[in-house]
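Taken in order, these protein sequences are the chains called A and B.
Going by this note's numbering, the letters in the first sequence line up with residues 1 to 129, in that order.
Going by this note's numbering, the letters in the second sequence line up with residues 1 to 380, in that order.
These aren't lab readings, by the way, just hints derived from the structure by calculation.
Virtual Cβ for every residue (Gly too), placed ideally from N, Cα, C.
Hints are all accurate, no fakes.
Interface residues of chain A toward chain B, partial, derived using beta-carbon atoms under 10 Å: (1) ILE5; (2) VAL7; (3) ARG39; (4) ARG69; (5) ALA70; (6) ARG72; (7) LEU92; (8) ARG95; (9) PRO101; (10) LEU117.
According to the in silico footprint, chain A covers these stretches of chain B (three or more CB under 8 Å from chain A): (11) 112-119; (12) 122-133; (13) 145-154; (14) 188-197; (15) 237-246.
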Amino acid sequence: MNEEIPVDGVTRPWWEATRERRLTVQRCLECGHRQHYPRALCTGCGGTALDFTDVSGRGTVDSFTVVHRAPRPGLETPYVVARVRLAEGPILLTRLVGADPSAWTCDEPVRVAWRPLPDGRHLPVFAKE
Amino acid sequence: MTAAIAGAAESDLGVTGKSVLALQSQAVTRALADAGLTLRDVDGLATAGVSRFPAAQVADYLGLRPAWTDSTSAGGSAFEMYVARAAQAIDAGQCSTVVISYGSNQRSARSRSLGGAVEPHVPEAQFEAPYGPLYPISYYAMAAQRYLHAYGAEREHLAEVAVAAREWALRNPAAYRYGAGPLTVDAVLGAPMVSSPLTAADCCLVTDGGGAVVLTSLDRARDLPRPPVVVLGYGESTTHTSMTGDDDLLRPGSFASGRRAFAMAGLRPADVDVAQLYDSFTITVLLTLEGLGFCGRGEAAAFVGDGRTRPGGAFPLNTSGGGLSYNHPGQFGVLLLVEAVRQLRGECGDRQVQGAETALAHGTGGVFSTHATVLLGADR
Numbered sequence: 001m002n003e004e005i006p007v008d009g010v011t012r013p014w015w016e017a018t019r020e021r022r023l024t025v026q027r028c029l030e031c032g033h034r035q036h037y038p039r040a041l042c043t044g045c046g047g048t049a050l051d052f053t054d055v056s057g058r059g060t061v062d063s064f065t066v067v068h069r070a071p072r073p074g075l076e077t078p079y080v081v082a083r084v085r086l087a088e089g090p091i092l093l094t095r096l097v098g099a100d101p102s103a104w105t106c107d108e109p110v111r112v113a114w115r116p117l118p119d120g121r122h123l124p125v126f127a128k129e
Numbered sequence: 001m002t003a004a005i006a007g008a009a010e011s012d013l014g015v016t017g018k019s020v021l022a023l024q025s026q027a028v029t030r031a032l033a034d035a036g037l038t039l040r041d042v043d044g045l046a047t048a049g050v051s052r053f054p055a056a057q058v059a060d061y062l063g064l065r066p067a068w069t070d071s072t073s074a075g076g077s078a079f080e081m082y083v084a085r086a087a088q089a090i091d092a093g094q095c096s097t098v099v100i101s102y103g104s105n106q107r108s109a110r111s112r113s114l115g116g117a118v119e120p121h122v123p124e125a126q127f128e129a130p131y132g133p134l135y136p137i138s139y140y141a142m143a144a145q146r147y148l149h150a151y152g153a154e155r156e157h158l159a160e161v162a163v164a165a166r167e168w169a170l171r172n173p174a175a176y177r178y179g180a181g182p183l184t185v186d187a188v189l190g191a192p193m194v195s196s197p198l199t200a201a202d203c204c205l206v207t208d209g210g211g212a213v214v215l216t217s218l219d220r221a222r223d224l225p226r227p228p229v230v231v232l233g234y235g236e237s238t239t240h241t242s243m244t245g246d247d248d249l250l251r252p253g254s255f256a257s258g259r260r261a262f263a264m265a266g267l268r269p270a271d272v273d274v275a276q277l278y279d280s281f282t283i284t285v286l287l288t289l290e291g292l293g294f295c296g297r298g299e300a301a302a303f304v305g306d307g308r309t310r311p312g313g314a315f316p317l318n319t320s321g322g323g324l325s326y327n328h329p330g331q332f333g334v335l336l337l338v339e340a341v342r343q344l345r346g347e348c349g350d351r352q353v354q355g356a357e358t359a360l361a362h363g364t365g366g367v368f369s370t371h372a373t374v375l376l377g378a379d380r
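Chain B on its own, in the form it takes in the complex (with noise of 0.2 Å):
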C-alpha cells in the first residue's frame, strides 16, 4: 500500500515566545485542518525534541492515545526516518493516519548552547569535549577545511550556498531573512569567524519554528482536499557519532542514504525537480549534493556556481531559504519535507518551481552522523 502525505503546516516561526508544546500544537492541528482531518482520526504519531519520551509527552499534550508512536532519536534527518516509519506502518495495518511533527522554542528561550551537551558517560566526553570544538560546528568546519583542501575549492564556493539560500529566502514570506535584502559573496567571508573556514554566515539561524505533516495510505488522500504527495522512495545511512568515527570526511552517509532511496523510487538524481536539502552549515550542502549524486565527488563547488541553484537557476535548491535564511529550529528536517509537499502542490507563489513533480528531502543530523533521504512526487 502506498503512503502519501496529506497535509503539511509550520508552526509559527521566528521568535514567537510560545512554549515547546503550543508550537506543536499549532503544527499539528494546522496540518490536520490542511489535510481536511481532525485530531480524532490520528492513531499514529511521530515527533522529537519535547522531553524523555517525546511522542508520548505529545500525545498525552494532544489528548491522543496512538496506536503506532515513533521518537527515533537522530537530530535534523529523525523527520524523514519517520517518513518512512510511518509509511512501513500505515502499509502494516498497524495505524492509518499519522502526524510527524516538532516544535522548538529555542531562540526565545536562548537554550542553543555553541559547546553542545555532552553526556559524561559518553566517550566523547573524555575523548572529544576537553579540547574544545564547538558542537557540531567544529565538525562540519574540519569537513570544510578538507573539502578546500582536497578539492582545491575556495571559501567562496561555500559562500554561494548562503546566498543563494538569501535569494529564495526574499521570495518566502515566512522566511526570517525576508526583506534582509540579499545576502553578497564578501558579506558572508566577511562575517565573523566562528570555526573556521566558517563564519556566522555559513551556519544556519537559531530560531523558533515547528511544522507537521499528516501521512496517510494513497488510497485514502485521493479523497481529501489536498492533492496528495506521494511517498516514492527513502533510505538511511548511520554512521557515526563521535568526530573521529568516520575515517573519510568527504564521504558522509549520503553517499548511501540517497543510493537506497533512489533504488526504491526506481529514479535518478536527474528525475529530481526540486531538492531540499539540510543546510545545517554551507559545506553541508556541497557534500549533500556530491553524496545524493547531482553532482561527482569535487564537484559540487563548481555545481553551485553560475547561479545554478539560486531562483530562474537550473537545480532549484532550497526553495523556502533553508535553514541558513528561513528558519531553523534545531531540528530542520520537518520543514524540508513541507517545503517539498508545498513545491509539488504548486503552493509556493513566487518562489514556485514550474511543472515541479518530484522532489528529493534531505535531512542530516548530529556531525553527519545520521543522514536520511525521502523522495516524494505528485500524484499524476
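In isolation and in its complexed conformation, chain A is listed as follows (with noise of 0.2 Å):
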C-alpha cells in the first residue's frame, strides 16, 4: 500500500508493534488519557509521562469515503479511506478492507485486519466484525 513511511522517536514503538501485529494507542501514566497519533506529550493533562498499551482491536466506523482517483501512482481504485473509532476511543485514518467498497455504512462494527510493509512493519486496516 505504501512504501518507505516515516518513523520518528515518538512514533517508533507504535510502527514496532505493528511487526507482531499488535495495534497500540498511547496511554497517559498521570491522567489515562488515551490519543492517537502517538505524541510527545498528553493533549489531555500536558504531561510528558506515557507508554503505549495494547487495544482490542474493535472498533466503528465513524465514516469513510470511496476514493476513485489515486493520489500518487501505485494506488489501484476505488479503495475505501475510512475515520475507525476504537472501543478505546481514540480515532483513526485507515482502509476498509474485506468487501465491496459500496457495502459500507456509518457506525458498523470492525475488527482490525493488517497489510504487511516491505520492511516487516505492519498497517492496520479494518474489516467487517
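Combine both chains into one complex, guided by the hints.
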C-alpha cells in the first residue's frame, strides 16, 4: 500500500508493535488519557510520561469515503478510506477492506486486519466484524 | 478606532498565463485605485501563498517597506483572519493603511495535486498518507458521508449547493462558469465520482485568480471616494490538521468562530443580509450554515431547499457564484471579502441583493482546520 513510511523517536514503539500485528494507542501515565497518533505529550493533561497499551482492535466506522482518483501512482482505485473509532476511544485514519466498496455504512462494527509492509512493519486496516 | 474596508478588487481570473506576483500586483493596484490611494499610502501588508516569506516577498516586489505585516498561514480562512489582525493593528496605531492580497496561477501552472503536499516530518505522513486519502477532498467527503448518515439527508441536498452557486454565477460576468448555462441536480449527481459521496461537481473549481482589499480607519475611509464598509466583528477557531483530530465531523470550528464574531458585533444570524461562505465543497456550505447559526444542526439540507439560497431566494448566499462556479484560486478567502464589499456598496448589477446593509464572510482552510468569520456593514 505504501513505500517507506517515515518513523520518529516518539512513534517508533507504535510501529514496532505492528511487526507483531499488535495495535496500540498511547496512554498517559498521569491522567490515563488515551490518544492516537503518538505524541511527545498528553493532549489531555500536558503530561510527558506516556506508554503504549494494546487495544482490542475493535471499533466502529465513524465515516468513510470511496476514493476513485488515486493521489499518486501505484494505488489501485477504488478503495475505501475511513475514520474508525476504536472501542477504547481514539480515532484512526485507515482503510476498510474485505468487502465491496459499496457495502459500507457509518457506525458499523469493524475489526483490525493487517497489511504487511516491505520492511516488516504492518499497516492496520479494518474489516467487517 | 473602528476599521473599514476602503477598496476592493479582483485580479484577472480564470486561465491567465500570469505569474503569482503579476496577479498580486494587479489585485493590489486595482484595490488601491478603487480606494483612491496609492502604494505610497500603504504601511501594512498581509498576504499568503507566495513563497516562504509571503509578506516580505510581496513587499519587495511592490517596493514597500511596511511597518506591519502578517502572513498567518491558514489556507482559505487566512484573509478573514487578516481583517481581524489589520483592524487591531490600525487600532493600535502600528499602521494606518493595510492591503490584504492574494494571487494564484494554479490552473495555468498546473500546480494543484490531488494528494496535496504532506511534509515527511508531520504525523500525517505516518498515519494518514499511507492510506491514500485525497487531500483535502477525502476529509470533506467523510464529513458529507457522516452528514447523510446522521441526518438522513440525500446527495441531492448537497447538489443543491452547487446548483444555486451556478445560478448566481450566471449573473456574474467575471465567473468562470458565466455563460456555462444552468447546472442541474442530476448533472451534479452524474458527474465523475471523486471521493464518495462527492462528485467533481461537488468540488470547487481550480482556477487562477486573486484579489485585494484595503483597510484603514473608518474616519479616514469616510474621506475616500468609495462608501466605507465597516468591520463590525470577527471571530476565529483553529481545531486540527489531521483527519482524525476532530472528534465530531459534524461540528467544525465555524460553530465557535461564528459565535465569537456575532458576539463582538452585537448581531444575530438573522441580521445578515448576504452571506459569503467558503464553498470548497458542497458539504462545506451545509455545515457552515449550521455552524454560524443560520439554521440548527442537521437542518441545512432542508434550509437550502426551495431555492432559498438562489437568486431571488430569502437567503442570498455566495452571490459571486462562489468557489464552485465563480473562481477558486487555491485560497478563496480574499474573494469572499471582495464580494461582500461590493454587495454592501451596491455594485453587483444583476446579482445585487437589494438594500444589503450587513454581510458575513466566512473562510475555511485545510480540512475544516481553520475558521474565521467577519461581519461587515454599510456605513449608515
